[in-house]
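Protein chains: 4
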Amino acid sequence: MHKDAIARIHSSFAAQSMMETLGAELFEVSSGLVRIKAPILPGTRQQQGFGHAGLTFSLGDSAAGYAALTMMPLDNEVVTAEIKINLLAPAKGDWLIATGKVVKPGKRLCVVTAEVHAVSDGTETLIAVLQGTMVPVPR
Amino acid sequence: MHKDAIARIHSSFAAQSMMETLGAELFEVSSGLVRIKAPILPGTRQQQGFGHAGLTFSLGDSAAGYAALTMMPLDNEVVTAEIKINLLAPAKGDWLIATGKVVKPGKRLCVVTAEVHAVSDGTETLIAVLQGTMVPVPR
Amino acid sequence: MHKDAIARIHSSFAAQSMMETLGAELFEVSSGLVRIKAPILPGTRQQQGFGHAGLTFSLGDSAAGYAALTMMPLDNEVVTAEIKINLLAPAKGDWLIATGKVVKPGKRLCVVTAEVHAVSDGTETLIAVLQGTMVPVPR
Amino acid sequence: MHKDAIARIHSSFAAQSMMETLGAELFEVSSGLVRIKAPILPGTRQQQGFGHAGLTFSLGDSAAGYAALTMMPLDNEVVTAEIKINLLAPAKGDWLIATGKVVKPGKRLCVVTAEVHAVSDGTETLIAVLQGTMVPVPR
Chain L
94 MHKDAIARIH SSFAAQSMME TLGAELFEVS SGLVRIKAPI LPGTRQQQGF
144 GHAGLTFSLG DSAAGYAALT MMPLDNEVVT AEIKINLLAP AKGDWLIATG
194 KVVKPGKRLC VVTAEVHAVS DGTETLIAVL QGTMVPVPR
Chain S
94 MHKDAIARIH SSFAAQSMME TLGAELFEVS SGLVRIKAPI LPGTRQQQGF
144 GHAGLTFSLG DSAAGYAALT MMPLDNEVVT AEIKINLLAP AKGDWLIATG
194 KVVKPGKRLC VVTAEVHAVS DGTETLIAVL QGTMVPVPR
Chain H
94 MHKDAIARIH SSFAAQSMME TLGAELFEVS SGLVRIKAPI LPGTRQQQGF
144 GHAGLTFSLG DSAAGYAALT MMPLDNEVVT AEIKINLLAP AKGDWLIATG
194 KVVKPGKRLC VVTAEVHAVS DGTETLIAVL QGTMVPVPR
Chain G
94 MHKDAIARIH SSFAAQSMME TLGAELFEVS SGLVRIKAPI LPGTRQQQGF
144 GHAGLTFSLG DSAAGYAALT MMPLDNEVVT AEIKINLLAP AKGDWLIATG
194 KVVKPGKRLC VVTAEVHAVS DGTETLIAVL QGTMVPVPR
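Residue numbers (the working numbering), protein chains in the order written: chain L, 94 to 232; chain S, 94 to 232; chain H, 94 to 232; chain G, 94 to 232.
Only chain L is shown next, with the shape it has when bound in the complex (with noise of 0.2 Å):
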């Protein structure tokens, strides 16, 4: 990928205040694929302890969100048309990766899956996945 795509990534990423409160942080931009990275922080879990839907939920979209802005003009930033999301073990670890992946770009809509990664002690649990539609919008 180009410098100024890939800076352009960060910089919307950046501009999510939502991510900082997460502590999500950007570790991966290629072309297609992105990946993210976040603690289970205190304020960021359900009834029992572990990590929120809502929070394994927003790495998730994120990551395949940004998946799909790297495959669209420069001029463009990214919405979610819709997603789902399936859970398949309780958010509880280090870290949550949330691999963000493109199957299919196009100009009105790019379909896109993601998985999310529950790590504990170097040990990666998958624990979420996603499938869902972005659309391109003017910047």
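It is worth saying that the hints were derived from the structure and are not from the lab. Certain hints may be false.
Unchecked claim - Straight-line distance between alpha carbons at most 25 Å, and here's what the computed DSS-like set of lysine-lysine pairs gives:
id	chain 1	residue 1	chain 2	residue 2
1	H	200	S	185
2	H	194	S	197
3	G	197	L	197
4	H	197	S	194
5	S	200	H	185
6	L	197	G	185
7	S	194	S	96
8	L	197	G	194
9	L	96	L	194
10	S	130	S	96
11	G	194	L	194
Position chains S, H and G against the provided structure of chain L, taking the given hints into account.
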């Protein structure tokens, strides 16, 4: 609803630190229907300044989950098995209000929907619809 | 609705050979709402003798798609971008009736829902709910 | 896989009259993975002459369901609790091939995905992806 059943929902909600981070409040609990509201805080926004999809999702998912919990035995908790969100309009305004409803209760699976409205100067706009499956787990 | 707009839905429906294979009939067309019904034929069953999920899906998807088409320009056709179905009960009875509705019309995307009921001796049971996105395409 | 387990899948598939109506054949069964193929018959088309979304769905849903069944006890059958399909391209060509895979097996819920390809002159095009939940039921 029996007051113990209502208290159980409030107690579970209060144990979700994510709800506090989002500034969310539980403001209606009846059999098969739960409403949650939250402001769009400075820390829960996306890159264009609107509420983040993760905020809208978290409110809708929680309202739907607690609607399911109103119809489960008192010694159960509820977790999301899967849920899908269609986003209809930007999350902008003074408040978001999520209304979760039970479509089909069940011992193993409970099918739910939720609507999320943005309220601006007293006008409500439907910004998202969700459809999903909740499962009971031992408390 | 204008009679040309109604005729357009009937003409598109009649061109779907799948609907004839399933024995499906269009029996209500109004702005943003379409109803389709079909028997559970000997040839559209699953392994336990109930209607196949593919039958329930086909009716729900078509009702939702045509509901969207009632709100699109006359020179458009409609295709499904994505749709999700939650199956609530076995498809058994005399008829299945699918009711599709528009949640949010739009030039690029139209968000829809559908419900499918099984009718047995005059009693209706909700057997499935669907939520999806339709897109206009040139005719 | 044990030959009894493979025979069970073939026997359940053969009992689905819908699969015969669609001209579908089960052509690969292994642990956690099932492939089904079908032609685009004159009777399974949509209004533009391509394969109907209901055909693509039926093949993907069945492949995913049988993939789940390969990992369930021999005295179980499987039903779809919910499934979502994203349609990526028109269903046109000589054959459709649906590949179902298990993402996460489980006693109560089994999370699955499926891909559907259209094959035209030996070239495969990905036309749909599905993600869903299967549940075991007594035979």
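How the hints compare with the structure:
Taking the CA atoms of residue 200 of chain H and residue 185 of chain S, the gap is about 21 Å. The hint holds against a cut of 25 Å. A C-alpha spacing of about 19 Å is found between residue 194 of chain H and residue 197 of chain S, which places the hinted pair at or below 25 Å, so the restraint holds. Simply put, residue 197 of chain G and residue 197 of chain L have alpha-carbon atoms about 24 Å apart, close enough for the 25 Å limit, and the pair holds. A hinted pair counts as satisfied when its Cα atoms are at most 25 Å apart, and residue 197 of chain H with residue 194 of chain S qualifies at roughly 19 Å.
Annotation: proposed proximity of residue 200 of chain S to residue 185 of chain H holds, straight-line Cα distance about 21 Å (limit 25 Å). For the given pair, residue 197 of chain L sits about 17 Å from residue 185 of chain G by alpha-carbon distance, which is consistent with the 25 Å threshold. Restraint check: the Cα-Cα separation between residue 194 of chain S and residue 96 of chain S comes to about 19 Å, which is no more than 25 Å; the hinted pair holds. Restraint check: the Cα-Cα separation between residue 197 of chain L and residue 194 of chain G comes to about 19 Å, which is no more than 25 Å; the hinted pair holds.
Annotation: proposed proximity of residue 96 of chain L to residue 194 of chain L holds, straight-line Cα distance about 19 Å (limit 25 Å). Simply put, residue 130 of chain S and residue 96 of chain S have alpha-carbon atoms about 21 Å apart, close enough for the 25 Å limit, and the pair holds. Taking the CA atoms of residue 194 of chain G and residue 194 of chain L, the gap is near 18 Å; set against the 25 Å cutoff, the hint holds.
Consistency note: the structure conflicts with none of the earlier hints.
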